[in-house]
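Asker: Chains as they are written, first to last, in the working numbering: chain A, 1 to 214; chain B, 1 to 200.
Since the hints were derived computationally from the structure, they do not count as laboratory data. Quick reminder that beta carbons are idealized off the backbone N, C-alpha and C, glycines included. Treat the hints loosely; a few may be bogus.
Partner residues aside, some chain A positions facing chain B, computed with beta carbon under 10 Å [unchecked claim]:
{"no.": "1", "residue": "P25"}
{"no.": "2", "residue": "P28"}
{"no.": "3", "residue": "D33"}
{"no.": "4", "residue": "I36"}
{"no.": "5", "residue": "T39"}
{"no.": "6", "residue": "K43"}
{"no.": "7", "residue": "N46"}
{"no.": "8", "residue": "T158"}
{"no.": "9", "residue": "G186"}
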Amino acid sequence: MISKIWNQRWLLIPTICLILSSCKPGEPDYISDYDIVYTNYKKDFNFNSVTTYFLPDSVVHAIGSGGTADHTHDAQILSALKSNLDALGWTRLSASGGTAADVVVLPIAHGETYASCAAYCWYCYWGWYPGWGYYPPVWGPGWGWGYPTDVVCSTYSTGTVTVAITTPKAAGNNTLPVAWLGVLNGLLEGSDASIDERIVTNINQMFIQSPYLK
Amino acid sequence: MKKQIIIVITVLLLFAYSSKAQGKVGEFSWQASLPSGEFTDFIDKVNALGLNFQGRWYLKNDRTSVGGSLSYFYFQDKRGKQTITTPEGGAFTGDITNFTNIYGLQAIIQQDLKPKDQKTVPFIRAGAGGAYQDQRTYTGIYELQNDGFQFMGNAEAGVRIGDKVKSVVLAATWHILPASGDMVSTSFFGIKLGVSYFKY
Numbered sequence: 001m002i003s004k005i006w007n008q009r010w011l012l013i014p015t016i017c018l019i020l021s022s023c024k025p026g027e028p029d030y031i032s033d034y035d036i037v038y039t040n041y042k043k044d045f046n047f048n049s050v051t052t053y054f055l056p057d058s059v060v061h062a063i064g065s066g067g068t069a070d071h072t073h074d075a076q077i078l079s080a081l082k083s084n085l086d087a088l089g090w091t092r093l094s095a096s097g098g099t100a101a102d103v104v105v106l107p108i109a110h111g112e113t114y115a116s117c118a119a120y121c122w123y124c125y126w127g128w129y130p131g132w133g134y135y136p137p138v139w140g141p142g143w144g145w146g147y148p149t150d151v152v153c154s155t156y157s158t159g160t161v162t163v164a165i166t167t168p169k170a171a172g173n174n175t176l177p178v179a180w181l182g183v184l185n186g187l188l189e190g191s192d193a194s195i196d197e198r199i200v201t202n203i204n205q206m207f208i209q210s211p212y213l214k
Numbered sequence: 001m002k003k004q005i006i007i008v009i010t011v012l013l014l015f016a017y018s019s020k021a022q023g024k025v026g027e028f029s030w031q032a033s034l035p036s037g038e039f040t041d042f043i044d045k046v047n048a049l050g051l052n053f054q055g056r057w058y059l060k061n062d063r064t065s066v067g068g069s070l071s072y073f074y075f076q077d078k079r080g081k082q083t084i085t086t087p088e089g090g091a092f093t094g095d096i097t098n099f100t101n102i103y104g105l106q107a108i109i110q111q112d113l114k115p116k117d118q119k120t121v122p123f124i125r126a127g128a129g130g131a132y133q134d135q136r137t138y139t140g141i142y143e144l145q146n147d148g149f150q151f152m153g154n155a156e157a158g159v160r161i162g163d164k165v166k167s168v169v170l171a172a173t174w175h176i177l178p179a180s181g182d183m184v185s186t187s188f189f190g191i192k193l194g195v196s197y198f199k200y
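All chains, please: the whole structure from these sequences, using the hints.
Answerer: See the structure below:
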């Protein structure tokens with residue numbers, strides 16, 4: 001038998017093709033398996049000095065021209081952020097309070113397929129926040145980005161939520177410094193209930209993997 | 001690297017021919033492999049997909065054979081949800097699956113420990129050459145890839161059982177592919193089961 005096979009030299013070709021073929025894993029079983037969470041921070045920022053924060057009451061949606069924003073999950077995003085920020089011992093200040101917060105937390109949802117987080121001046125969407133007036137000079141169009149230099153934003157083909165903790169008191173050189181950045185990706189897929197559940201889970205994960213915030 | 005591999009294989013083949021080869025043998029085998037060393041940081045599971053095809057020529061002494069082999073190995077490790085620290089100091093959490101495809105081309109030398117016409121012939125074998133490896137990580141919708149050419153060496157001890165022409169081969173193997181570029185150093189033990197056919 002073996003000799004017969006061996007004598008069929010043409011079998012060498014499919015054998016070599018078999019050897020040269022490549023394999024790859026199967027697809028994940030659940031949508032939640034596609035969820036990823038990334039965080040990074042400015043190494044020289046002292047988070048222990050933070051006692052107050054400002055969190056807007058809306059989530060900015062970065063959408064392409066002609067697109068419409070889906071605000072279904074905004075409340076869940078803001079609620080999960082507030083819970084985690086409060087758990088740090090930080091106090092939330094209101095826009096009408098007249099007191100400048102140590103940090104301003106800015107959430108944004110990238111609901112557009114293949115949107116790039118680096119393509120948007122997302123804090124510009126909030127417009128005027130009264131507390132910002134306390135940080136000279138007053139911001140206006142033309143202010144640049146404050147991402148930590150080692151953060152690379154990739155393209156996203158599913159929904160993404162980005163959260164930045166910015167430090168307005170340290171603003172300068174037309175840059176709003178970002179002390180901490182959290183990105184979660186893959187959340188805007190599946191049913192609303194499962195999305196809400198994963199939003200909470202993954203925003204919690206942002207803070208779990210950032211113990212230096214405390 | 002490529003040039004060195006080609007030179008080694010060419011020298012061995014010329015050596016075999018110039019020594020008036022005393023028969024030739026082909027072998028096809030399947031291998032299950034267990035990662036070892038630093039490779040376990042990337043893959044830490046037994047993987048059962050390893051294929052090897054080789055041809056060798058016997059030298060005058062009738063105990064030593066030299067030739068070449070073509071091999072393929074696939075390793076996969078679904079690690080589930082993991083949190084890792086990235087090189088720039090960030091933290092990343094995601095469902096991680098590591099896998100790699102390895103394509104090897106080696107020069108082989110084998111020493112039979114008994115005359116080759118006996119029914120049971122223990123042997124030791126060594127191989128050196130090069131491999132193209134494609135290491136990838138799937139996480140979320142993203143894919144990280146590190147690939148390139150590496151040195152590949154292996155040592156093997158086994159036994160061939162059969163008649164003068166047809167045999168079954170059972171062997172224990174160890175492969176090493178040192179780190180190259182961003183690719184993780186790769187080494188693994190294996191159990192190999194194959195068939196061989198002699199032509200005199």
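Asker: Hint by hint, say whether it matches the structure.
Answerer: Verification of the hints:
1. Annotation: P25(A) was flagged as interfacial toward chain B, and the flag holds, the nearest CB pair being 5 Å apart, inside 10 Å.
2. For P28(A), the interface hint holds, the least distance from its beta-carbon to any beta-carbon of chain B being 6 Å, beneath 10 Å.
3. A cut of 10 Å between beta carbons decides the hint on D33(A): the least distance to chain B is about 4 Å, and the hint holds.
4. Satisfaction of the interface hint for I36(A) is found here, the shortest Cβ-Cβ separation to chain B being roughly 4 Å, below the 10 Å cut-off.
5. For the restraint placing T39(A) at the interface with chain B, the shortest Cβ-Cβ distance is roughly 5 Å, inside the 10 Å limit, so the hint holds.
6. Annotation: interface hint on K43(A) holds; nearest CB of chain B at approximately 7 Å, less than 10 Å.
7. Violation of the interface hint for N46(A) is found here, the shortest Cβ-Cβ separation to chain B being roughly 16 Å, above the 10 Å cut-off.
8. Residue-level restraint check for T158(A) holds (minimum Cβ-Cβ distance to chain B is 6 Å; threshold 10 Å).
9. Restraint check, G186(A) versus chain B: the minimum CB separation of about 5 Å is within 10 Å; hint holds.
Checked against the numbered hints given earlier, this structure breaks only hint 7.
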